[in-house]
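**Q** Listed below, chain by chain, are the residues.
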Amino acid sequence: MKQLTEIRWHGRGGQGAKTAALLLADVAFSIGKHVQGFPEYGPERMGAPITAYDRISSQAIRVHSNIYEPDFVVVVDDTLLHDVDVTRGLKKDGAVLINTEKEKEEILPLLNGYAGAVYAIDAKKVCMETLGKYFPNTPMLAAVVKVSKVMEREVFLSEMEASLRHKFEKKPEVLEGNKKALAMAFEEVKLYRDREVKR
Amino acid sequence: MAVKERMSGNEAVAFAMKQINPDVMPAFPITPSTELPQFVSSYIANGEMDTEFIPVESEHSAMSAAIGAEAAGARTMTATSSAGLALMWEMLYVAASNRLPIALAVVNRALSGPLNINCEHSDSMGARDSGWIQIYAEDNQEVYDNFIQAYRIAEHKDVMLPIMICQDGFIISHGVSNIELLEEADVRNFVGAYEPAHYLFKEGESMAVGPYAVSAYGMEAKRAQAEAMKNARQVILDVAEEYKKISGREYGFYEAYRLSDADYAIVAIGSVCGTIKDAVDALREKGIKAGLLKVRVFRPFPGKELADALGHCRAAAVMDRCEGFSANGGPLAAELSAALFQAKSRMEVVNIVYGLNGRDFTVDDAEKLYQDLARLSEHGNQETEAYRYIGLRD
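Those protein sequence lines, which keep their order, are chains A and B. Counting the first sequence from 1 gives a position; the numbering used here is that position plus 14. Counting the second sequence from 1 gives a position; the numbering used here is that position plus 1227.
Do not rely on the hints blindly, as some may be mistaken.
As the list claims (entries may be wrong) - Which stretches of chain A does chain B cover? Using the computed rule of at least three CB atoms under 8 Å from a CB of chain B, they are:
(1) 39-46
(2) 50-56
(3) 79-91
Said to hold, decoys possible - The calculated lysine-lysine pairs, modelled on DSS-like cross-linking and capped at a C-alpha distance of 27 Å, are:
(4) A:Lys118 / A:Lys194
(5) A:Lys181 / B:Lys1231
(6) A:Lys181 / B:Lys1245
(7) B:Lys1471 / B:Lys1384
(8) A:Lys160 / A:Lys193
(9) A:Lys105 / B:Lys1595
(10) A:Lys163 / B:Lys1231
(11) B:Lys1595 / A:Lys106
(12) A:Lys138 / A:Lys181
(13) A:Lys184 / B:Lys1245
(14) A:Lys105 / A:Lys116
(15) B:Lys1513 / A:Lys106
(16) A:Lys194 / A:Lys160
(17) A:Lys105 / B:Lys1513
Source of the hints: derived by calculation from the structure; they are not laboratory data. Since the model is a prediction, treat every value here as computed from it, not as a measurement. All residues carry an ideal CB built from backbone N, CA and C; glycine is no exception.
Assemble the whole structure, with the sequences as input and the hints as a guide.
**A** Listed below in structure tokens is the structure:
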């Protein structure tokens, strides 16, 4: 992993993009990284576009501005692709990860000519098969770890198990579903288009 | 043993509040400081604190109840932001003039209008002449450390003044990042018990709180209060020195970052200083001698110390996250310019207003500002206005 990884999340109010960003910061912290996880607050209401950010680094992080040239972008809701320029400033050697049921033919034209890698995951499918309810957070978190490689799969899964065990202390039945959702999400990430490699 | 954690600024201050466990907290919620009374209430409900929490009906009542509790002899705290601080205004002066060392956690937010919840320093800057000590923080670590030092400064017998511990709303209050926490026993030992010399519940002693003063006596009261604010200067430094022994972290009136040999300096307060440090490092790589003077203590204002720290620079930009509406620049620039004049400095100074209503300020903005300073020191100050904005849309 390079020294500093910057991730921008796009979601809609109520979908938990902010929580997912904070969870990613949490799990990166647990393996000894310096982290920042922060939302951009506006007139937040259910369904309105929201943005959240992560910085993950091997060194102390001092900057306190938003992220304009992220390494990775995560889109929690594909309807945002029509409203928000999600790939704005996204580094060409980075990647965008989109939660969608749609095929790549439908998704790629919506990315404003972004030339980097495009990944997709059907978080709804993962959720319904493992949790029985649609909480896109959990699979998106696993998917962004896979795409960004901020940590190894096994390290991530074991750290998440510890934190979920703590979080769902009083609801152990939820723990198993979440564990399955994380593991399944790793397998369900699809590469829609690789970056245009120029050497 | 330090405990490595990750927390938001609000969590960090709430954690410091838990570790200190003051006697009383009256509070009324307002974004972005709402989490502070929330966390404290949870700690109390969980039996981790035994602070008396008083849910009041407004911020004016919160400060009134804090004044009553503190006057009775109880160590008291509260928290607020923006309009909440504005509603406390009348009572801020009562707290300070009655020499009641209340600790107020301020989570800085813009005042109306437009109605906005984001960071700005206009709330606490507006209260700068209310007689409260004001200490600002760059990040969650600093606001935690500042809060632990707060009562030692405020309750010192030579001071006995209320204190605001400020952090940037949302940027720090709601951003999660790494932090080192002290052990609770070390915090309690450092802060110590509150033993005021005089208080309403003291047996065998009667006292008046908030009496009327005729012109024949009122001026002496103000002068004594001003003396306490002067005394706070040494106490702030002494407490910082002691705090270093338990934390390993150094504090003073300001932090000078790569400033000792700098040609060009930015002077600023709060979270923007982290961003500026990244710009300083980038410019130093290119051979530009940039430096930062981060103001930590705004009240009492360390004018001479700040002027001395800047003395050798060729040009400085003073940044205010507050408009001020003086039509002559922001409050930090006004006070620092006066201090530079007193110090007979002939340095070129520009005043920048930035970050209003939460407008972002980037490393790139800071780099450009340093380059402006370099040009200005070469060609002379061509600025026609007393101050200018950065980040304003065309």
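**Q** Determine for every hint whether it applies to the structure shown.
**A** Evaluated hints:
Taking a C-beta to C-beta cut-off of 8 Å, the segment 39-46 of chain A contributes 3 residues in contact with chain B, enough for the three needed, and the coverage statement holds. Using a Cβ-Cβ cut-off of 8 Å, 5 residues of the segment 50-56 of chain A lie near chain B, which meets the minimum of three, so the contact claim holds. Coverage of the segment 79-91 of chain A by chain B holds in this model, with 3 residues showing a Cβ closer than 8 Å to a Cβ of that chain against a need of three. About 26 Å separates the Cα atoms of Lys118 (chain A) and Lys194 (chain A), which keeps this hinted pair within 27 Å; it holds.
Taking the CA atoms of Lys181 (chain A) and Lys1231 (chain B), the gap is about 20 Å. The hint holds against a cut of 27 Å. Under the criterion of a C-alpha separation no larger than 27 Å, the hint pairing Lys181 (chain A) with Lys1245 (chain B) is consistent with the structure, at around 22 Å. Our distance criterion of 27 Å between C-alpha atoms is met by Lys1471 (chain B) and Lys1384 (chain B), whose separation comes to about 22 Å. Between the alpha carbons of Lys160 (chain A) and Lys193 (chain A) the distance comes to roughly 15 Å, so the proposed pair stays at or under 27 Å and holds.
For the hint pairing Lys105 (chain A) with Lys1595 (chain B), the CA-to-CA distance comes to about 22 Å; that is within 27 Å, so the pair holds. Annotation: proposed proximity of Lys163 (chain A) to Lys1231 (chain B) holds, straight-line Cα distance about 24 Å (limit 27 Å). Of the pairs offered as hints, the one joining Lys1595 (chain B) and Lys106 (chain A) holds, with about 25 Å between alpha carbons and a cut-off of 27 Å not exceeded. Pair hint Lys138 (chain A) plus Lys181 (chain A) holds up; C-alpha atoms about 22 Å apart against a cutoff of 27 Å.
A hinted pair counts as satisfied when its Cα atoms are at most 27 Å apart, and Lys184 (chain A) with Lys1245 (chain B) qualifies at roughly 25 Å. Between the alpha carbons of Lys105 (chain A) and Lys116 (chain A) the distance comes to roughly 24 Å, so the proposed pair stays at or under 27 Å and holds. About 26 Å separates the Cα atoms of Lys1513 (chain B) and Lys106 (chain A), which keeps this hinted pair within 27 Å; it holds. For the hint linking Lys194 (chain A) to Lys160 (chain A), the alpha-carbon distance of about 15 Å falls within 27 Å, and the restraint holds.
For a cut-off of 27 Å, the pair hint linking Lys105 (chain A) to Lys1513 (chain B) stands: about 24 Å separates their Cα positions.
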